[in-house]
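Between the sequences and the hints, there should be enough to build the whole structure, so can you do that?
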Amino acid sequence: MAELKTQKNDASVDGFLGAADEKRRGDCYALLDLMREVTGDEPSMWGDSIVGFGSYKYRHRSGQSGEWFLTGFSPRKRNLTIYIMPGFDRYGDIMAKLGKYKNSVSCLYVNKLADIDLDALRELVSQSYADMKEANAAGGC
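In the numbering used here, the protein residues as written are 6 to 146.
Among the clues, some could well be false.
Using 27 Å as the maximum straight-line C-alpha spacing, the simulated DSS-like pairs for lysine-lysine come out as follows [unchecked claim]:
hint : residue 1 : residue 2
1    : Lys117    : Lys105
2    : Lys138    : Lys107
3    : Lys82     : Lys117
Keep in mind that the hints were calculated from the coordinates and are not lab data.
This structure is a prediction, so every number in the text was calculated from the model and none was measured.
Take a look at the structure:
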């Protein structure tokens, strides 16, 4: 089986964020602070473009296994991508308060933090992080 390219590494989070697009840099540092506060974890680089917090081990039905972050973000060219690993189905009440965003399975896409309610984001990150930790402890990831 091929090894997953995106893995935790020792690259500098501050170096990565410092090199981010100037218009995104402030939002990146605000997300860094928010996630550090909510998770109590220190950030790590995952691959060359994701800042992740915490980790869990997973095993797919296919037999592939690995390690992934519990929550994180990446300053992409089009938007900020915020990773909510359990997905969004169970967080409808929070999502209704969030503001302007798009999402896919586990990715929340925002143009800028000013477009969303930061208290709702804090609640979403906190709840999804706790849910992932609980699932991991129960062996369900």
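Just to be careful, I want the Cα atoms of lysine 117 and lysine 105 compared with a cutoff of 27 Å; is the pair within it?
holds, 9 Å
Holds or violated: lysine 138 with lysine 107, Cα cutoff 27 Å?
holds, 25 Å
For the pair supplied as a hint, lysine 82 and lysine 117, confirm whether the alpha-carbon distance does not exceed 27 Å.
holds, 12 Å
Every hint, counting from the list given before, is met by this structure.
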